[in-house]
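*Asks:* Protein chains in written order, with the working numbering: chain X, 941 to 1039; chain L, 59 to 352; chain U, 48 to 207.
These are computed hints drawn from the structure, not numbers from a lab. Even for Gly, the Cβ is constructed at its ideal location relative to N, Cα and C. Treat the hints with care, since some could be wrong.
Cβ pair distances, simulated, as ranges [stated by the list, open to error]:
# : chain 1 : residue 1 : chain 2 : residue 2 : range
1 : X       : M1015     : L       : K113      : 47 to 57 Å
2 : U       : N180      : X       : G972      : 27 to 37 Å
3 : U       : I123      : X       : I975      : 22 to 32 Å
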Amino acid sequence: MKIKAKVKKDITKVKMLIKHPMETGRRKDQDGNVIPGLYITEVSASHNSQPVFYAEVGQAVSKDPYMAFSFKGGMSGDKVSITWIDSSGATGKGEAAIK
Amino acid sequence: MGLIKLILKIKAGLILAGLLALSCMANGETGSKSGLDFKAMVQQDVRDFQAYYKKRFSQVEFSKYKNGVYAIDAASREQWLEMEDFPPYEFAIDDGEALFQTPFANGKSYADCFANGGESIRQNYPYFDSKKVEVITLELAINNCREANGEKPLAYKKGALAMLSAYMASTSAGNIFAVSVPDEAAYQAYSEGKQFFYSKRGQLNFSCADCHMRVAGQKLRADISSPALGHPTGFPVYRAKWGEMGTLHHRYAGCNKNIRAKPLPAQGRAYRNLEYFQSVMSQGLEVNGPSSRK
Amino acid sequence: MSVSGKDMTMSRRGFLGDLFKGAACIAAATSLPRLAFAAWNEKAFKAETLEGALNGKYPGLEMVDSTAVKLKAPAIAENGAVVPVSVKTDLPDVKTISLFVEKNPSPLAATFHLTSVNVADVSIRIRMGETSNLIAVVESGGKLHRVQQEVKVTIGGCGG
Chain X
941 MKIKAKVKKD ITKVKMLIKH PMETGRRKDQ DGNVIPGLYI TEVSASHNSQ
991 PVFYAEVGQA VSKDPYMAFS FKGGMSGDKV SITWIDSSGA TGKGEAAIK
Chain L
59 MGLIKLILKI KAGLILAGLL ALSCMANGET GSKSGLDFKA MVQQDVRDFQ
109 AYYKKRFSQV EFSKYKNGVY AIDAASREQW LEMEDFPPYE FAIDDGEALF
159 QTPFANGKSY ADCFANGGES IRQNYPYFDS KKVEVITLEL AINNCREANG
209 EKPLAYKKGA LAMLSAYMAS TSAGNIFAVS VPDEAAYQAY SEGKQFFYSK
259 RGQLNFSCAD CHMRVAGQKL RADISSPALG HPTGFPVYRA KWGEMGTLHH
309 RYAGCNKNIR AKPLPAQGRA YRNLEYFQSV MSQGLEVNGP SSRK
Chain U
48 MSVSGKDMTM SRRGFLGDLF KGAACIAAAT SLPRLAFAAW NEKAFKAETL
98 EGALNGKYPG LEMVDSTAVK LKAPAIAENG AVVPVSVKTD LPDVKTISLF
148 VEKNPSPLAA TFHLTSVNVA DVSIRIRMGE TSNLIAVVES GGKLHRVQQE
198 VKVTIGGCGG
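Make the full structure from the sequences, and use the hints.
*Replies:* Printed below as a string of structure tokens:
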């Protein structure tokens, strides 16, 4: 995943782009077989061990999910870490410093 | 097999002869002194082509044509800018970079095949190779590099090759296209590309110029037709419809299919000459690839 | 927790999810940090109607139309597979923000949970199967504040 975090006047805006196929489970392959659903269901972020974001998502989120959120109290150099879990139980995580 | 090749060669020869005749006639009209002053003619083509769009879209600044249809349509531009803020092709650039850095089995790497180690060179493609007597596009050069080093060539429309092309374009962002037509053989290729651009084809009987010059900016079913000026500058593109990175020739084939014309092979002669012509017409515009499209 | 025919096919994760949700409720009451993960509202996400999705996510909450919720989405989506949407509001104490696509097979697209350190300003790219109302709902002060906008999704053009 890619994370961009910028602070301006005490508000930190965090943008993330997560590499994930977000298969809806409604698509069919060339042979007509349904491609099983595989999509991120939860995303959470923390800053200084405090939760700063939690989202429940589903099949209606685009492939390679993009999400952005904002929070107060972050400072340049602080780390923001993001984790996700998908419908198969697989997880991913990333981290970035606030600019 | 041999007979078909012979017929094709004669056909090609006749077409070339026809084009030569055309150019000679044009020459006579402009009153050029010695044989073919093709460089002057190419420059006149560029001036005429770019002037057409300046007149048609008087509010659009020249440099903005690197943005394709988003240069001329505000509503779609807004959505496009939101996507470009954190574009989906960032992964493809990273993947392309990783591919680029991976050495071949023989120990050599892509950097050994290209000037400046392959960095910041997108604006020099395509170019006319006078020895091979053909147009070399960046994608073709990538595969030439692979084959010269004992590797299998990659598919031309999407996948690894599109990612490599995306990475190389990204290192060249902002460089100005200056594709030239250095000699007569190059001018032949350029003229073939030009002829392709202006020729009607397919069941729908459209030429590239019909949609991308004459009705550029107008709706074609649910799409707004992009101006041909600047077409190659944003490629390769992450097309939302494809859900991945794809090359210019992938798009050419798609466009041809849409007007119910037979799609031609990616990196075949016709598309390479078309890309050559389009790139010459986009002289002065910046490299803007990779970029996202609908 | 009633067990209906539908619930019999509930996934293991969904079952655990409900268990954890229960645990999370207890945890919140004893002011332990709320457990993220395993709190995915499967019922709401799998509901096939807007009504079902709203009831699954926000059972029993009163809903009012609000001009204090700003929904930004294109009038005509460039591509229904990737529609950029953002929701902003100055309403106080925002607990959650949810996005629903009325005509999607499963209308609930996303729910954002906010804390006191968040600014209520979220963005996401969603899939819309066809022209539909896009509804943003902000949960604040025990009520749902709603705004909607139609987003046109076109098909057919110079594809290829």
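*Asks:* Next, verify each hint and record whether it holds.
*Replies:* Here's how the hints hold up against the structure:
At about 53 Å, the beta-carbon gap between M1015 (chain X) and K113 (chain L) stays in the expected band of 47 to 57 Å. In this structure, N180 (chain U) and G972 (chain X) meet the distance hint of 27 to 37 Å, their C-beta atoms being roughly 32 Å apart. One distance hint, 22 to 32 Å for the beta-carbon pair I123 (chain U) and I975 (chain X), holds here, with the actual separation near 29 Å.
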